[in-house]
Amino acid sequence: MYSEAVPLLLSAALIGVVAAALFSSRVSTSLIMLFYASVILGAIFTLYGDSLVGLLQMITFAGAVSVLLLTVILMTGQSDLSIGVRRAALYGMLAALAVAAASAYALFAGSSGIASVPSTDISVAVFGFIWQYREWDVLILVTVFASAMVAVTNLLSEEK
Amino acid sequence: MVSDQTILMATGTILVFLGIAAISYSKNLVKSVMAFQVVVFGVNLALFAAGLSQTSRLMGDTLVFMSILVGASAEAVGLAIVVTVFRKYGTLNPMEIRRLRG
Numbered sequence: 001m002y003s004e005a006v007p008l009l010l011s012a013a014l015i016g017v018v019a020a021a022l023f024s025s026r027v028s029t030s031l032i033m034l035f036y037a038s039v040i041l042g043a044i045f046t047l048y049g050d051s052l053v054g055l056l057q058m059i060t061f062a063g064a065v066s067v068l069l070l071t072v073i074l075m076t077g078q079s080d081l082s083i084g085v086r087r088a089a090l091y092g093m094l095a096a097l098a099v100a101a102a103s104a105y106a107l108f109a110g111s112s113g114i115a116s117v118p119s120t121d122i123s124v125a126v127f128g129f130i131w132q133y134r135e136w137d138v139l140i141l142v143t144v145f146a147s148a149m150v151a152v153t154n155l156l157s158e159e160k
Numbered sequence: 001m002v003s004d005q006t007i008l009m010a011t012g013t014i015l016v017f018l019g020i021a022a023i024s025y026s027k028n029l030v031k032s033v034m035a036f037q038v039v040v041f042g043v044n045l046a047l048f049a050a051g052l053s054q055t056s057r058l059m060g061d062t063l064v065f066m067s068i069l070v071g072a073s074a075e076a077v078g079l080a081i082v083v084t085v086f087r088k089y090g091t092l093n094p095m096e097i098r099r100l101r102g
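Protein sequences, first through last, are from chains A and B.
The opening position of the first sequence corresponds to residue 1 in my numbering, with each subsequent residue numbered one higher.
The opening position of the second sequence corresponds to residue 1 in my numbering, with each subsequent residue numbered one higher.
Simulated from the structure, these hints should not be mistaken for laboratory data.
Just to be clear, a hint being listed does not mean it is correct.
[Stated by the list, open to error] Just a few of them, taken from the derived set where beta-carbon distance is under 10 Å, the chain A residues facing chain B: (1) L69; (2) Y91; (3) E135; (4) D137.
[Stated by the list, open to error] Calculated from the model, a selection of chain A residues having no Cβ within reach of chain B, i.e. all distances over 10 Å: (5) L90; (6) L94; (7) L139.
From the three backbone atoms N, C-alpha and C, an ideal C-beta is built for every residue, glycine too.
All chains should be modelled from the sequences, with the hints used to inform the complete structure.
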């Protein structure tokens with residue numbers, strides 16, 4: 001039950017939410033649907049035993065990038081949040097809750113408690129692997145972040 | 001029976017192609033950045049699914065880890081470019097920007 005229902009439900013929900021985000025005429029609706037897509041993708045990572053990557057996915061995309069997108073939408077005057085959009089966001093939240101409940105039921109049905117969750121603590125192992133190559137990993141990440149910060153600062157600075 | 005890995009890999013591929021289609025179809029630069037984010041989602045899911053078949057999932061997980069951080073950085077730069085373009089041309093429609101450039 002777990003191996004069939006969970007990936008199918010989550011994949012269908014992910015594709016549906018992404019399609020709604022990409023082909024909606026309103027930018028605000030797209031932003032809300034993209035937020036849900038980030039949450040569903042984080043749930044997929046978490047349900048398959050990779051809680052560290054799932055958490056990072058939710059923090060980065062559902063948190064930071066969503067706020068960045070919202071800021072840009074407000075700065076460029078594209079915001080069109082009406083009552084209808086808020087209602088759509090509420091329906092989307094209910095749908096996401098239903099998918100989460102169905103996934104949780106499929107995950108634990110037919111098994112005794114938490115036994116079906118992978119027992120290996122993958123996050124500790126990932127930390128160990130990254131720690132083994134920490135010099136290169138930190139160097140690459142610092143370079144990427146520094147380049148992004150310099151680029152954003154240069155682009156957003158006012159011309160005199 | 002179709003395995004979980006196949007389903008997740010197919011979903012990742014669909015997301016990548018949906019994102020590419022939306023980038024070429026979109027008439028709003030903010031939505032193009034959103035479509036780029038969907039492509040990043042698809043790549044992350046495909047990398048994660050590829051790692052599921054290995055006895056040690058460390059390489060796949062580490063690649064997803066890196067991909068999330070690099071994707072977020074690229075998206076921040078893309079949004080900054082969108083704001084700069086809007087300040088200069090006053091529009092976010094790529095066709096109109098091309099026309100204004102002459």
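Hints breached by this structure: Hints 2 and 3 are the ones this structure does not satisfy, whereas the remaining hints hold.
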